[in-house]
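Undergrad: Chains as they are written, first to last, in my numbering: chain A, 1 to 509; chain B, 1001 to 1135.
Because the hints were derived from the structure by calculation, they are not lab data.
From the three backbone atoms N, C-alpha and C, an ideal C-beta is built for every residue, glycine too.
Don't take each hint at face value.
To be verified - In silico contact screen, one side only, chain B against chain A (beta carbon under 8 Å); selected entries:
no.: 1; residue: A1008
no.: 2; residue: A1016
no.: 3; residue: D1027
no.: 4; residue: R1065
no.: 5; residue: Q1080
no.: 6; residue: I1087
no.: 7; residue: S1091
Here is how the chains run, residue by residue.
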Amino acid sequence: MIFFSVASLLLAWMIGLLITWIFFPAGKEKAAGILLRLAAAGGLGIGVTSCGYFVCLLAGLARFTPLFDLALCLALGLVWWRRRRRSGARGPDAAAGRTPAGSFLEKLIAALSAGGLAAYAVSFAAAFLKEPHGRWDAWLIWNMHARFLYRGGERWRDAFASGLDWSHWDYPLLLPLSAARGWTYAGGESVLFPALLGFVFTLLVLGLLLGALWLLRGRTQGCLAAMVLMGTPFFLTMGAAQFADIPFAFFMLGTFVMLFLSERSPDHRAGALILAGVAAALGAWTKNEGLLFALVVTVSLAGMAAHAGGWSASFKQTGRFLAGALPVLLIVVYFKARLSPANDIMEGVSLAAVSANLVDWGRYTEIARAFFFTGISFTQGVVDVREGMRFNPGAVSVLLLVAYLLISGVRIDRQERECFLQAGAILVLMLTGYFFVYVVTPLDLHWHLMTSLNRLFLQLWPSAVFLAFMAAGIPGQRAPAQGAPAAASPQAKGSPARGKAARKRKDSK
Amino acid sequence: MMVLTGYAVLNLLARAVGGYADLPRQDPVSIHEARIEQLRGFLPPAGEVGYVTTVENEKIFAAERAFRNVEYLAQYVLTQYTLAPLIVRNSPAHPLVVGNFLDGPPPPGFLERHRLVPLKDFGEGLILYGREPGR
């Protein structure tokens, strides 16, 4: 049975690969580029096929989902093949750099990272054996929704009007639909498949982080960043817990990576921005926080582009981003408008209550205190509600990143300054948004903070690690990184001639 | 950096391997699910049933919100998780009511007050009730 469920993932992966090939064509990619593409394609494919499954459910054709997916795969394959023929036999040369041999230390770091990955996989398997159904929210929300969608048959819509508010039926459906889609392929339920999804998304986040940093900053930076994530106990816990926070973290990271790729690869700027839009919208299809994320990315992209190149450039770049986001956002809007019940936070909000909370300075103090303690400690694991917030930084925490940046120094190239500003603005705006949700929440503030804040920080963690390693200075950096696209390699970035040429190409577009 | 992250990864592995020997043969969710599955043949495939437990229904969520007891809520949620797509209402006011008394009997007089009569006792605190029509 699990064989067919795995086949659903493989087909999703193929669809994701075709999407990335269409919008970001491949040349002679080497390890870093291949890893990045495989990781990005995996998540995008799962997300896009969940949208397809939703359309099939709406049309009453859920049992024909495999045929629908196959047709989508063939259609995308045809588009890719035609584009490839039109642009010549090969895509743009993505292998301009030679493959550096690597020092002993670099090889050691790579070997240790591989060992770390094996250890991580064993830890994950042990966590699955302990809790095969996942943790609390998995069976209270995500897998519960998957069961209703799958078992409900023709009456799958009934669950949304069931009044079981405690199960949060307003939460977006990417994860439940992906599980139900796998069961549809298999013709029956298996507790293994949602766990497999959790494992796949955890690996995809690691692969995306490693691949992107390897491509953009070199293999050592990628390996170190992956080790930081693998050494984060809460990242492992949440991956095995089968919550939607790790898939959402994937789409956030995917958006950041695509924004940086668009900056580094002027030839493929449009495609990378479209893929960033798809990733951000799939974030909104994964968790409600994703709606805030999609809005924040759109606003910051428009603002930064306007600041750098005027309103015309801003319209063009934001338009590309929205072109990628729109198809998925339409599905999210349909879900919110036609199926989803009111959100428990929004439903309990009244103007008078919001006004009262906004001027209650005690709430600000409590939230700021929680942000500080959780910000330092969240990597260690689930908060013990009986003990409350306490200082618990552990081996891997925000402090480790700060120390690393202090030791390695910060090196941000002029070409990338806007991208960093934009990414920083997105992170700050997300944190500000979260802060004010807590200020106005009608739920008990202490309970709300204790049960959610550490997960909100974890969603941002892979992106924060990515940005920290992108900003870190690299002692004795050699260039280019293995498999880096011509315009994306550190060599190209550092070369004034190439930078000028790239800017010229950009201006002429 | 490598030493610290390597230590963290190995620490996770040590905890995972160390905890492996203490793993129960079956996890609590699967055990609860197997218990509740027995009800399926006696319930309609769709529609609604009620639910009662050791405490009065309104205290199930209140105890969790106050961080006093999450077990009552977990047992209710897992009952719904197992019986989906049948809706399990947190209320005794239904013709068929699932009684889940893992943590002890209901409050004295609670079943009588709601005119619940046992239809089948599955053992281990799992009882299916029917509701007598009101007089």
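Undergrad: Hint by hint, say whether it matches the structure.
TA: Hints and how they fare:
{"no.": "1", "hint": "A1008", "in the structure": "3 Å, holds"}
{"no.": "2", "hint": "A1016", "in the structure": "4 Å, holds"}
{"no.": "3", "hint": "D1027", "in the structure": "6 Å, holds"}
{"no.": "4", "hint": "R1065", "in the structure": "6 Å, holds"}
{"no.": "5", "hint": "Q1080", "in the structure": "7 Å, holds"}
{"no.": "6", "hint": "I1087", "in the structure": "5 Å, holds"}
{"no.": "7", "hint": "S1091", "in the structure": "11 Å, violated"}
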